[in-house]
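Put together the whole structure using the sequences plus the hints.
Read top to bottom, the protein sequences are chains X and R.
The letter at position 210 of the first sequence is residue 209 when you use numbering that gives the first Met the number 0, and the numbering goes up by one with no holes.
The letter at position 11 of the second sequence is residue 10 when you use numbering that gives the first Met the number 0, and the numbering goes up by one with no holes.
Please note that the accuracy of each hint is not assured.
[Unchecked claim] If you anchor each label on the Cβ, the simulated ranges turn out as follows:
no.: 1; chain 1: R; residue 1: Tyr260; chain 2: X; residue 2: Gly219; range: 29 to 37 Å
no.: 2; chain 1: X; residue 1: Glu249; chain 2: R; residue 2: Arg27; range: 44 to 52 Å
no.: 3; chain 1: X; residue 1: Glu249; chain 2: R; residue 2: Val112; range: 36 to 44 Å
no.: 4; chain 1: X; residue 1: Arg326; chain 2: R; residue 2: His283; range: 13 to 21 Å
no.: 5; chain 1: R; residue 1: Gln149; chain 2: X; residue 2: Phe264; range: 54 to 62 Å
no.: 6; chain 1: X; residue 1: Gly23; chain 2: R; residue 2: His283; range: 13 to 21 Å
no.: 7; chain 1: R; residue 1: Gly173; chain 2: X; residue 2: Met25; range: 28 to 36 Å
no.: 8; chain 1: R; residue 1: Val281; chain 2: X; residue 2: Arg260; range: 42 to 50 Å
no.: 9; chain 1: X; residue 1: Pro236; chain 2: R; residue 2: Val271; range: 27 to 35 Å
no.: 10; chain 1: X; residue 1: Pro236; chain 2: R; residue 2: Val112; range: 40 to 48 Å
no.: 11; chain 1: X; residue 1: Ala140; chain 2: R; residue 2: Val112; range: 19 to 27 Å
no.: 12; chain 1: X; residue 1: Gln286; chain 2: R; residue 2: Thr341; range: 51 to 59 Å
no.: 13; chain 1: X; residue 1: Glu249; chain 2: R; residue 2: Arg124; range: 46 to 54 Å
no.: 14; chain 1: R; residue 1: Ala62; chain 2: X; residue 2: Arg131; range: 53 to 61 Å
Read the hints as simulated data drawn from the structure, not as lab findings.
The C-beta atom is built at its ideal place from N, Cα and C for all residues, glycine as well.
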Amino acid sequence: MNPIQVGILGVAHMHAVTYAALLGEMSGVQLAVIADEDEVRGRELAARFNSRWEKDYQTALSFPLDAVIVASENSRHREMAMAALEARLPVLCEKPLATRVEDAEAMVAESERRGVVLATAFPMRHSLPIRRLYDYLQTGALGRIVALNGTNRGQNPGGWFIRPELSGGGAVLDHTVHVIDLMRWYTGSEVVEVYAEIGTMHRECPVDDMGLLMLEFENGVVAAHDPSWSRPRQAFPTWGDVTLEVLGTEGVAWVDAFGQRLLAFDETIGKMQYVPWGDNADHGMLQDFLRVVREGGTPAATGKDGLEAVRVALAAYESARAQKPVRLSYNR
Amino acid sequence: MEPEVNNVSKEGEVEVNVALVGAGSMGRVHADAYRHLQDAQLVAVVDSDVQRGQAFADGWGVAWYPSLRACLATKAVDVVDICTPTAFHPALALEAFSAGLHVICEKPIALTVEEAMRMIDAARRAGVHFYVAHVVRFFPEYEEARRQIQSGRLGQVGTARLLRGGAAPQGWQGWYADPALSGTVITDLMIHDFDFLAWTLGPVGRVFAKGARRHGAAVEHAFVSLRMQNGAMALVEGTWAYPEGFRTAFEFAGTLGVLQYASDGDASLKIVRRSSPSDPLVTHVESPIDVNPYQRELQHFLACMRGAEAPRVKPEDALYALRVSLAAWESLRRGEPVEVTT
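And the structure:
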């Protein structure tokens, strides 16, 4: 079997480097091309991962590719994903899927119209602790879910992440979508109401860096979520977290996606650090995407899942502006 | 000014006679604390339930009375300590104030703003001391957290998260679950965190609340979002819906650092024992502390009565925490954010 030829369009998102490294370790797949407008960065990565660099993503799409990963700045996801879908190439798109609902909708519609897979990079669906809890919930042993409380706290990544024209928003957009996706997955229900407090803790930051979402799902589940970039850069032992509390009628569960860790007390950096040792969720996500490319079928997190998460995150901004809850409706 | 109490103990300290109202679980906690205090003695317990009241009185070696009226008619009392279901706080406090007695009252102060204001007003007019037992202000981990935050160590606090809860408390005739008697989880339990937040970060701007129910109609688990007037945002989670235990946790994240606490993690003593393989496993987990927070709280209130300390909890603070909890209920009912008024 010929190796699957993958192109990465845009490496602005730091996850692109992770994906490139993981693909390099997998058999049956080849990173054929890396497209990025930044020549220095593009050449460096291409050399490091034994790939080729192209400045123009359209040129990269003329390569004999089987699949594409889009990891450009958020606001550029749409044009790159659409171009790949037009070329009938399955796409794994970095989250958030887009910076506007209409962009995400257009991407999903294009994928459906052409019958070409659009997957959203929601690696937490492949985190083993998260999956274990999903499986446990499916047994019904926790009863019916009544409440959820999530966190996806992190550090302010700076760079284009805090330039709204490229990122589409700050912490609330960046760190809401993962956990909303998990909440939708766990409940099997859509968010129908969003209330949010949003703010900026560091005055110099042009986007929001803290938020608090209060949610209600169609099936009555209520939830809270903290997407803040509130982890101190120097002092904190890790980048952040993904945690979820699930209250059911028969009990309660807590899952910490990065709870499997060593504590390292490092004299050379003068602080304690977490050293993760759990299974790599990104690896599971890439394997899932490659499976779909090879065999067809549906990825764990589709473009539609990416769209719904973006819808909720953007509703949070709308709510914070209006200082009242926003109702979401769905055409089904 | 407020009248000083003039019974003098052997040690030369002013000794006050306390009548405890409500022979329930909080009553036991207070009675136990008084046993450790030099300057106060429990002299009577009041409870409308004969059996419970008598058993409690026998256990603590004090007299039992079926009503506060009966107690005050025969017993020399300086302080009335109210540990009844919340709905009964106002009438009992007003009765004590009109008899010119000081009052220590369990939190919440009352279930309505009007009643709380009447109580505060009556205490002022009677010229007596009135303390509401917001005991979290006396928990060393919370005190230390506030000290750290106010020292500026975290910089400007942006986000806060507070959790409190566990299994549903069992009380007299299930009063905790009855909105008309306790205000349930948002007013009875989460009021601790509302008070701590206001004490630590200042006044609340608006609140937004969501509640979850498992089986019945009562809210057993709630999320309350608070936007503080200084711009910080806080999530308070309160629950009586866990299958077991009781836990508290908090995190404050600021521009210069993060401060975290979880009661699950502070057990400094754990003992596991099994004499033989057929015996049940015995596990003992403890976070020991020399003077428990209830004892420190009552000691402080007594010191305030002597004029030796300035009150850490003013009745107006208790009223404010009640206002926050009522705003949360209103938000829950209306589905909208509600501004906290003063």
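Please write out, lowest number first, the hints stated earlier that are contradicted by the structure.
-> Hint check: 2, 4, 5, 6, 7, 8, 11 fail, others pass.
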